[in-house]
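*Asks:* So the protein lines, in turn, are chains Z and X. FYI, the numbering used here numbers position 104 of the first sequence as 1333, with every residue one higher than the one before it. FYI, the numbering used here numbers position 38 of the second sequence as 39, with every residue one higher than the one before it.
These aren't lab readings, by the way, just hints derived from the structure by calculation. Hints may contain errors.
[As the list claims (entries may be wrong)] Derived DSS-like pairs (lysine-lysine); straight-line CA-CA distance at most 25 Å:
hint	chain 1	residue 1	chain 2	residue 2
1	X	K71	Z	K1269
2	Z	K1265	X	K4
3	Z	K1251	Z	K1300
4	X	K4	Z	K1273
5	X	K114	Z	K1248
6	Z	K1251	X	K39
7	Z	K1265	Z	K1296
8	Z	K1269	Z	K1300
9	X	K71	X	K39
10	Z	K1270	Z	K1281
11	X	K71	Z	K1238
12	Z	K1300	Z	K1270
13	X	K4	Z	K1269
14	X	K39	Z	K1269
15	Z	K1296	Z	K1238
16	Z	K1270	X	K39
17	X	K39	Z	K1273
18	X	K114	X	K4
19	Z	K1248	Z	K1270
20	Z	K1273	Z	K1296
21	Z	K1265	Z	K1300
22	Z	K1265	X	K39
23	X	K39	Z	K1248
Each chain, letter by letter, is given below.
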Amino acid sequence: DTAVSQTPKYLVTQMGNDKSIKCEQNLGHDTMYWYKQDSKKFLKIMFSYNNKELIINETVPNRFSPKSPDKAHLNLHINSLELGDSAVYFCASSRREGVSGNTIYFGEGSWLTVV
Amino acid sequence: AQKVTQAQTEISVVEKEDVTLDCVYETRDTTYYLFWYKQPPSGELVFLIRRNSFDEQNEISGRYSWNFQKSTSSFNFTITASQVVDSAVYFCALSYYNNNDMRFGAGTRLTVKP
């Protein structure tokens, strides 16, 4: 019954590797996001997709590539991982328009540690 | 540009005390939403409340209450009779009406001691 689910929850990997985090939502939302939370707890949007179309793309290294096969899924692929990529990555979803308040619902987070 | 400031980095109280978490925002838009989220030690982000910019009524939900004042661009959050389970990082956030670009404050870490 999890609304926004992301896997894996924990990921430890070596520098230079490529890894993916998967995300799925069953809320019927048409917009999905990736947020990054650093060690100081600061939350920053990385990407936003609406109906599989990229609508927000913050200044993120192009080693990060989101992929949305359908509006219920938004995966994050990271190439050539660096130590600074260590963070918690949150997937989230919401409705597109403002009438219902565009409240964003978050997954449980994926703890990525690059060693 | 929109910006959210949570000036209190950390707050520590003793159980049963009341505590207010401050949130001040900046926006040029007249229609926007304000939010509070809770992040307990387990790490997930839990939605607490959403407020429309055109609705300045205060809201109360159990021990939680929110005070929205457009005149001072503030959306403060009060926990009455705090409990240890309230210990968490609390985030205030702002988004525009038809724009899903939600901006978060830096968060306030609340510790409630028994």
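*Asks:* Each hint needs a verdict: does it hold in this structure or not?
*Replies:* Status of the hints after comparison with the structure:
As the CA atoms of K71(X) and K1269(Z) are separated by approximately 29 Å, the hinted pair breaks the 25 Å bound. A distance of roughly 17 Å separates the Cα atoms of K1265(Z) and K4(X); the hinted pair therefore holds under the 25 Å criterion. For the given pair, K1251(Z) sits about 13 Å from K1300(Z) by alpha-carbon distance, which is consistent with the 25 Å threshold. This hinted pair checks out: K4(X) and K1273(Z) have alpha carbons roughly 12 Å apart, not beyond 25 Å.
Taking the CA atoms of K114(X) and K1248(Z), the gap is about 40 Å. The hint is violated against a cut of 25 Å. Between K1251(Z) and K39(X), the direct Cα distance comes to roughly 23 Å. Compliance with the 25 Å bound is thereby established for this hinted pair. Between K1265(Z) and K1296(Z) the alpha-carbon distance is near 16 Å, which keeps this suggested pair within the 25 Å criterion. With a C-alpha separation of about 31 Å, the suggested pairing of K1269(Z) with K1300(Z) is violated against the 25 Å cut-off.
Annotation: proposed proximity of K71(X) to K39(X) holds, straight-line Cα distance about 23 Å (limit 25 Å). Distance check on the hinted pair: K1270(Z) and K1281(Z) sit about 28 Å apart at the alpha-carbon level, beyond 25 Å; violated. Using a Cα cut-off of 25 Å, the hinted pair K71(X) and K1238(Z) is violated, with the two alpha carbons roughly 39 Å apart. The straight-line distance between the Cα atoms of K1300(Z) and K1270(Z) is roughly 28 Å, outside the 25 Å bound, and the hint therefore fails.
Using a Cα cut-off of 25 Å, the hinted pair K4(X) and K1269(Z) holds, with the two alpha carbons roughly 18 Å apart. In summary, the hint linking K39(X) to K1269(Z) is supported, as the alpha carbons are separated by about 15 Å, within the 25 Å threshold. Proposed proximity of K1296(Z) and K1238(Z) is supported: the alpha carbons are some 19 Å apart, at most 25 Å. Among the hinted pairs, K1270(Z) with K39(X) is consistent with the structure: their alpha-carbon atoms are about 12 Å apart, no more than 25 Å.
A hinted pair counts as satisfied when its Cα atoms are at most 25 Å apart, and K39(X) with K1273(Z) qualifies at roughly 16 Å. The straight-line distance between the Cα atoms of K114(X) and K4(X) is roughly 31 Å, outside the 25 Å bound, and the hint therefore fails. Of the supplied pair hints, the one linking K1248(Z) and K1270(Z) holds, its CA atoms being roughly 22 Å apart against a limit of 25 Å. In summary, the hint linking K1273(Z) to K1296(Z) is supported, as the alpha carbons are separated by about 19 Å, within the 25 Å threshold.
At roughly 20 Å between alpha-carbon atoms, K1265(Z) and K1300(Z) fall within 25 Å of each other, so this suggested pair holds. The hinted pair formed by K1265(Z) and K39(X) meets the criterion: a straight-line CA distance of about 16 Å does not exceed 25 Å. A threshold of 25 Å between alpha carbons decides the hint, and for K39(X) with K1248(Z) the separation of about 28 Å lies outside it, so the pair is violated.
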